[in-house]
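Colleague: Go by the hints and put chain B onto chain A.
Protein chains: 2
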Amino acid sequence: MPKPHLTFWYEFASPYSWLAAERIEALAAAADVELRWRPFLLGPIFAAQGWPSSPFNLYAAKGANMWRDIERQCELMDLPAPTRPEPFPQNGLLAARVATALPDATRPAFSRAVYRAEFTKGQPIADRAVIGEALRDCGLDAEPMLAAAESIENKSALRAATEEAGTFGIYGAPSFVTPSGELFWGNDRLEQALAWAKREA
Amino acid sequence: MPKPHLTFWYEFASPYSWLAAERIEALAAAADVELRWRPFLLGPIFAAQGWPSSPFNLYAAKGANMWRDIERQCELMDLPAPTRPEPFPQNGLLAARVATALPDATRPAFSRAVYRAEFTKGQPIADRAVIGEALRDCGLDAEPMLAAAESIENKSALRAATEEAGTFGIYGAPSFVTPSGELFWGNDRLEQALAWAKREA
Numbered sequence: 001m002p003k004p005h006l007t008f009w010y011e012f013a014s015p016y017s018w019l020a021a022e023r024i025e026a027l028a029a030a031a032d033v034e035l036r037w038r039p040f041l042l043g044p045i046f047a048a049q050g051w052p053s054s055p056f057n058l059y060a061a062k063g064a065n066m067w068r069d070i071e072r073q074c075e076l077m078d079l080p081a082p083t084r085p086e087p088f089p090q091n092g093l094l095a096a097r098v099a100t101a102l103p104d105a106t107r108p109a110f111s112r113a114v115y116r117a118e119f120t121k122g123q124p125i126a127d128r129a130v131i132g133e134a135l136r137d138c139g140l141d142a143e144p145m146l147a148a149a150e151s152i153e154n155k156s157a158l159r160a161a162t163e164e165a166g167t168f169g170i171y172g173a174p175s176f177v178t179p180s181g182e183l184f185w186g187n188d189r190l191e192q193a194l195a196w197a198k199r200e201a
Numbered sequence: 001m002p003k004p005h006l007t008f009w010y011e012f013a014s015p016y017s018w019l020a021a022e023r024i025e026a027l028a029a030a031a032d033v034e035l036r037w038r039p040f041l042l043g044p045i046f047a048a049q050g051w052p053s054s055p056f057n058l059y060a061a062k063g064a065n066m067w068r069d070i071e072r073q074c075e076l077m078d079l080p081a082p083t084r085p086e087p088f089p090q091n092g093l094l095a096a097r098v099a100t101a102l103p104d105a106t107r108p109a110f111s112r113a114v115y116r117a118e119f120t121k122g123q124p125i126a127d128r129a130v131i132g133e134a135l136r137d138c139g140l141d142a143e144p145m146l147a148a149a150e151s152i153e154n155k156s157a158l159r160a161a162t163e164e165a166g167t168f169g170i171y172g173a174p175s176f177v178t179p180s181g182e183l184f185w186g187n188d189r190l191e192q193a194l195a196w197a198k199r200e201a
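One line per chain: the protein sequences are A and B, in this order. Take the first sequence: its position 104, counting from 1, is numbered 104 in the working numbering, and each next residue is one higher. Take the second sequence: its position 50, counting from 1, is numbered 50 in the working numbering, and each next residue is one higher.
Isolated chain A (complex conformation):
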């Protein structure tokens, strides 16, 4: 019998993607579900919905309460207090390209290192030095990975991933998709998505 699996679609600029990235491995291990980490870009998906920026910026009351909620969730998750990066949202293109180029086994640790640089330390993740440090934090050689990230083939793989996300009906991040195409949106649906993946296997 194939092991149940779940695809984790995440965007580097997204605070709730960060929270999911911090939680997902332990929960998936406990549920015996295999994960596939897939970075993508929300920008084109938001643009298709008519949003020139994050809805957290477009709607001030929603944005203010989101940051308060992230503070509360960090406290509940025993994470350090969050920092709002300036500007928000950060441009996650370089991070997503690097994550796309990485071998599957190193993508989770690299992704968390980027999120912590961004949301704990408030560092600019479009900056090659910040991404280089995240790579080195994971024991990787920064320069070759940064070069691989900028290859035509890799850029095109990330574009295709973002288009693929759209075909599943993804409209925000994080999102979780089971093998049958069942779509769950948001960090709050992670447990239900894992249970569904299990039921499908």
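If you're looking for bench data, these hints aren't it; they were derived computationally from the structure. Check each hint, because a few of them may be wrong.
Unchecked claim - Every beta carbon over 12 Å from chain B, so not counted as near; a handful from chain A, in silico:
#1 GLY43
#2 ALA60
#3 ARG68
#4 THR106
Said to hold, decoys possible - Each pair of labels, with its calculated beta carbon distance range:
#5 A/ALA26 - B/ASP127: 42 to 52 Å
#6 B/ARG84 - A/ALA60: 27 to 37 Å
#7 A/GLU164 - B/ARG84: 41 to 51 Å
#8 B/PRO52 - A/ALA31: 33 to 43 Å
#9 A/GLU34 - B/ASP32: 40 to 50 Å
#10 B/ALA31 - A/PRO80: 25 to 35 Å
#11 A/ALA47 - B/ALA29: 45 to 55 Å
#12 A/ALA26 - B/ALA81: 31 to 41 Å
#13 A/ALA31 - B/MET77: 54 to 64 Å
#14 A/GLU153 - B/ALA26: 30 to 40 Å
#15 A/GLU34 - B/ALA81: 26 to 36 Å
#16 A/GLU34 - B/ASP104: 45 to 55 Å
Keep in mind that this is a model prediction, so the values were computed, not measured. In this text, a Cβ means the ideal position worked out from N, Cα and C, and glycines have one as well.
Modeller: Frame of chain A; chain B shown alone:
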């Protein structure tokens, strides 16, 4: 010592307000938190954010996944399969006026009766006959309550409630506000809101 309490802000057109209305009494009793049920109107709040309709209509992929999610939540909560009312969102003005006019003790049962008419049976809740039946379901005399709902004083109380919701930074429904003004948005935050209310008392 005063008993902890929490204010539950809900809109009759909102599917997630319905789910919260189905869950909140048992959870609040278990947490020993007193509830205050406060109907309000999202229309003016959405309009102030520049939304001419519900975001679930404005963004098709988001709307489609919301209905799928409501189906899944109903299954998990042992509620009958939901029905999407036509049109969505329903005009919840009459229901909100009646709920505002009711004594505190009957507001929860009436509100649930309206939600079930709307989201289980797909009935039009702007219809006086539907609201009249919800009142009778709760053992209330429909005609005097409908008349009280249309009084100038009561209409003005609902307008004031909606303005008050705005002052707490409320931008969606359901929302939960603790005595200190801590704001939690969404059915998924109900448990955390109750825990916060307890901590404050």
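Colleague: Look at each hint and say if it fits the structure.
Modeller: To see whether the hints hold, each was checked on the structure:
1. The non-interface label for A/GLY43 is consistent with chain B: the shortest C-beta to C-beta separation is roughly 15 Å, beyond 12 Å.
2. Not every beta carbon of chain B lies more than 12 Å from that of A/ALA60, the smallest distance being close to 9 Å; the non-interface claim is violated.
3. For A/ARG68, the shortest C-beta to C-beta distance to chain B comes to about 7 Å, within the 12 Å cut-off, and the non-interface label is violated.
4. Residue placement check: A/THR106 keeps its beta carbon more than 12 Å from all beta carbons of chain B (closest about 31 Å).
5. In this structure, A/ALA26 and B/ASP127 meet the distance hint of 42 to 52 Å, their C-beta atoms being roughly 50 Å apart.
6. Our hint of 27 to 37 Å for B/ARG84 and A/ALA60 holds, since their Cβ atoms are close to 30 Å apart.
7. Taking the beta carbon of each, A/GLU164 and B/ARG84 are about 28 Å apart, not inside 41 to 51 Å as hinted.
8. The hinted window of 33 to 43 Å between B/PRO52 and A/ALA31 holds, with their beta carbons roughly 42 Å apart.
9. Roughly 42 Å separates the CB atoms of A/GLU34 and B/ASP32, a value that falls within the hinted 40 to 50 Å.
10. A beta carbon spacing of about 28 Å between B/ALA31 and A/PRO80 agrees with the range 25 to 35 Å that was offered as a hint.
11. Judged by the Cβ atoms, the range 45 to 55 Å given for A/ALA47 and B/ALA29 holds: they are separated by roughly 46 Å.
12. Checking the proposed 31 to 41 Å range against A/ALA26 and B/ALA81 shows it holds: the Cβ atoms sit about 33 Å from each other.
13. As the Cβ distance of A/ALA31 to B/MET77 is approximately 21 Å, the hint placing it in 54 to 64 Å is violated.
14. A C-beta distance of roughly 55 Å is found between A/GLU153 and B/ALA26, which places it outside the suggested range of 30 to 40 Å.
15. At about 31 Å, the CB distance of A/GLU34 to B/ALA81 agrees with the hint of 26 to 36 Å.
16. Our hint of 45 to 55 Å for A/GLU34 and B/ASP104 holds, since their Cβ atoms are close to 51 Å apart.
In this structure, the hints that do not hold are numbers 2, 3, 7, 13 and 14, in rising order.
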